[in-house]
Amino acid sequence: MSDKVKLSRAVELISKLSIDKASQVFSKLIKSGARIELEKAYVADISEATAKIAADNNEVVGVYVDIVGDIPLKFLFYVDVPGSLVLSDLIMRRAVGTTKQLDELAKSAVQEIGNILASAVSNVFAADFQVSIKPTPPIVVHDYLGTVFEEYLMEVAVDKDEIMIIESTFFVVKDNIKSFMFILPVHGSEKILNYIVDPAGGGK
Amino acid sequence: MDAAKDLVVGIADIKVGKSPDSIRTSLGSCIAVCLYDSERKIGGMLHLMLAHVPADVSDENVKKAKFADTGIPELIRQLNRTYGVKPSDVTAKIFGGAKVLKNVMHNIGYDNEVAVREILKQNGIRIMVARTGGDKGYNIRFELENGKVKCQVFGEEPKEY
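Taken in sequence, the protein lines are chains S and X. Under my numbering, the first sequence has 125 at position 125, and the numbering climbs by one with no breaks. Each position in the second sequence, counted from 1, maps to that position plus 1000 in my numbering.
One thing to keep in mind: the hints can contain errors.
[Claimed, not checked] Beta-carbon label-pair distances, calculated as ranges: (1) S/G33 - X/T1082: 47 to 55 Å; (2) X/D1135 - S/Y42: 30 to 38 Å; (3) X/K1102 - S/T98: 23 to 31 Å; (4) S/L105 - X/E1118: 43 to 51 Å; (5) S/K174 - X/G1084: 52 to 60 Å; (6) X/E1039 - S/T98: 52 to 60 Å; (7) S/V43 - X/N1103: 38 to 46 Å; (8) X/G1124 - S/K134: 47 to 55 Å.
[To be verified] Computed cross-link-like contacts, EDC-like style, restricted to lysine to aspartate or glutamate with a CA-CA straight-line distance of at most 16 Å: (9) X/K1099 - X/D1135; (10) X/K1018 - X/D1135; (11) S/K16 - S/D128; (12) S/K28 - S/D175; (13) X/K1099 - S/E155; (14) X/K1136 - S/E59; (15) S/K40 - S/D20; (16) X/K1136 - X/E1157; (17) X/K1063 - S/E48; (18) S/K160 - X/E1060; (19) S/K31 - S/E112; (20) S/K16 - S/E37; (21) X/K1063 - S/D159; (22) S/K52 - X/D1006; (23) X/K1063 - S/D161; (24) S/K134 - S/D70; (25) S/K160 - S/D45; (26) X/K1063 - S/E162; (27) X/K1063 - S/D45; (28) S/K160 - X/D1056; (29) S/K178 - S/D80.
It is worth saying that the hints were derived from the structure and are not from the lab. Just so we're clear, the structure is a prediction, and the values are computed from it rather than from any experiment. For glycine and all other residues, C-beta sits at the position ideal for the given N, C-alpha and C.
Excised from the complex, chain S in its bound form:
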C-alpha cells in the first residue's frame, strides 16, 4: 500500500469523527439541524485546489483558527455573506432577518461559531486519540473566497506542492444556508496522524 493511500485512510477516519462532532456541535449551537452534505479527505495539488476555489469569486466571512500541539492543524470555517447574517441571528437567538448587514457583531458571531467548531475538532483528537492540541484565538476575515482560501493555504503550501485537505459542507435545511469547514494538517502532522490510526505500521 502506498504512503499516500495509507495516509488518506488515516485522515478519512479522523476526518469523519471530526466532521461528525463538528456537525453535532454546530446544530446545537444554532438550534437548527445542520446536515453534513459533503465529507471528504483528499490530497490535492495546491494550484488545482485553489483554481477551483478562485473560479467562484463570492464574498465570504471566514474564520481561521490555528490548532497547535502534537498535531498542528489549520482550521477554516466560511459562509457567504447572506448566510452569515442568518447564522448571526441564530446564534444570538433572534428572529432570522433581524441582522441586515455584516457589522462587527455579525462578524463576531461567525467568529464564535468558528471558534467553537475548532474546539470541537480539538476535543475529538484529545478524547478519541489522546493527542494534546488546542485552538489559538480565531481570526475573522471578510473578503473574496479565493483570497480567504489562498491565505489559509499559504503556510502549508510554502514547501509543499500537494496538500492534504479535510473538507466538509454543512447545510442548514430550515434556513437554506451552506457553510464550509476545512482542516489542514500542518508540517509534521502526517506521521502522527498515521501513527494514531495504525500504531503498528503508521508513522514510518
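Position chain X relative to chain S; hints supplied.
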C-alpha cells in the same frame, strides 16, 4: 476562430493563451504577473506565492510558479515555447501583494512585489501597471483581446488597467 477560453489560475500556477481567451484569479498576499504581447494578442499570467526559492532547496525540485525568481522565467519560457514570444515582445502588469492578515508581522506581499520588480527589470520587461498593496483581496481578469486587466479590490468598484 477558436472559442474563447476562460482560464483560471490557482496559486503557484501559470496559464498562457491568446485572443480571445481570458485569464483570471483571486489574490491575497500573492502577486499576479500578467505579460502581454500587444502585436500578437498573446499573454500569460503567473500567480506567485513568494519572492525567492529558499536557499536550502534546489531550483530543480520546486514548483517554479511558486516563486518570483523561478516563476517569471518560467512564464517567459512558456510564452516562448507555446507561441514564440520573446521577453522583448511583452510588457507587464502586476497586481496583488496585500497584507490580508493584520496579525502577521511579516509583509510577504511587499517582499513579493520588490522581487517581481527586480526580476522583470533583469529580463528587460517594462511594468506598465502596478496595482498592489492594501489589506484586501483582489479579483482580476486579464483579457487577451486587448491586454486590459479588470481588477476589483474587495470593497471597491472594479477598474480597468
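Outcome of the hint check:
Range check, S/G33 to X/T1082: Cβ separation about 51 Å, and the 47 to 55 Å hint holds. The hint said 30 to 38 Å for the Cβ distance between X/D1135 and S/Y42, and at roughly 32 Å that hint holds. Range check, X/K1102 to S/T98: about 29 Å between beta-carbon atoms, so the 23 to 31 Å window is met. The given range of 43 to 51 Å is respected by S/L105 and X/E1118, whose C-beta atoms sit roughly 45 Å from each other.
Taken as a hint, the range 52 to 60 Å holds for the pair S/K174 and X/G1084, whose Cβ atoms sit roughly 59 Å apart. Between X/E1039 and S/T98 the beta carbon distance is about 58 Å. The supplied range of 52 to 60 Å therefore holds. As the Cβ distance of S/V43 to X/N1103 is approximately 29 Å, the hint placing it in 38 to 46 Å is violated. Separation of X/G1124 from S/K134 is about 52 Å and conforms to the stated range, judged on CB atoms against 47 to 55 Å.
Distance restraint check for X/K1099 and X/D1135: the Cα-Cα separation of roughly 5 Å lies within the 16 Å cut-off, and the hinted pair is therefore satisfied. Using a Cα cut-off of 16 Å, the hinted pair X/K1018 and X/D1135 is violated, with the two alpha carbons roughly 32 Å apart. Only pairs whose Cα atoms come within 16 Å are accepted, and S/K16 paired with S/D128 is accepted, the gap being roughly 12 Å. For a cut-off of 16 Å, the pair hint linking S/K28 to S/D175 stands: about 15 Å separates their Cα positions.
In summary, the hint linking X/K1099 to S/E155 is supported, as the alpha carbons are separated by about 14 Å, within the 16 Å threshold. For the given pair, X/K1136 sits about 12 Å from S/E59 by alpha-carbon distance, which is consistent with the 16 Å threshold. The suggested pairing of S/K40 with S/D20 holds, with an alpha-carbon distance near 12 Å, which does not exceed 16 Å. Among the hinted pairs, X/K1136 with X/E1157 is consistent with the structure: their alpha-carbon atoms are about 13 Å apart, no more than 16 Å.
In summary, the hint linking X/K1063 to S/E48 is supported, as the alpha carbons are separated by about 13 Å, within the 16 Å threshold. Note on S/K160 and X/E1060: the hinted pairing holds, with a Cα-Cα distance of about 14 Å set against a maximum of 16 Å. With a C-alpha separation of about 15 Å, the suggested pairing of S/K31 with S/E112 holds against the 16 Å cut-off. With a C-alpha separation of about 13 Å, the suggested pair S/K16 and S/E37 falls inside the 16 Å cut-off, and the hint holds.
Between X/K1063 and S/D159 the alpha-carbon distance is near 9 Å, which keeps this suggested pair within the 16 Å criterion. Restraint check for S/K52 and X/D1006: the C-alpha separation of about 13 Å stays at or below 16 Å, so the hint holds. At most 16 Å may separate the alpha-carbon atoms for a hinted pair to count; X/K1063 and S/D161 meet this at roughly 7 Å. Proximity of S/K134 to S/D70 is assessed by CA-CA distance (about 9 Å); at most 16 Å being required, the pair is judged to hold.
For the given pair, S/K160 sits about 9 Å from S/D45 by alpha-carbon distance, which is consistent with the 16 Å threshold. A hinted pair counts as satisfied when its Cα atoms are at most 16 Å apart, and X/K1063 with S/E162 qualifies at roughly 10 Å. A C-alpha spacing of about 11 Å is found between X/K1063 and S/D45, which places the hinted pair at or below 16 Å, so the restraint holds. Note on S/K160 and X/D1056: the hinted pairing holds, with a Cα-Cα distance of about 14 Å set against a maximum of 16 Å.
At roughly 8 Å between alpha-carbon atoms, S/K178 and S/D80 fall within 16 Å of each other, so this suggested pair holds.
Consistency with the previously given hints fails for numbers 7 and 10, ordered from lowest to highest.
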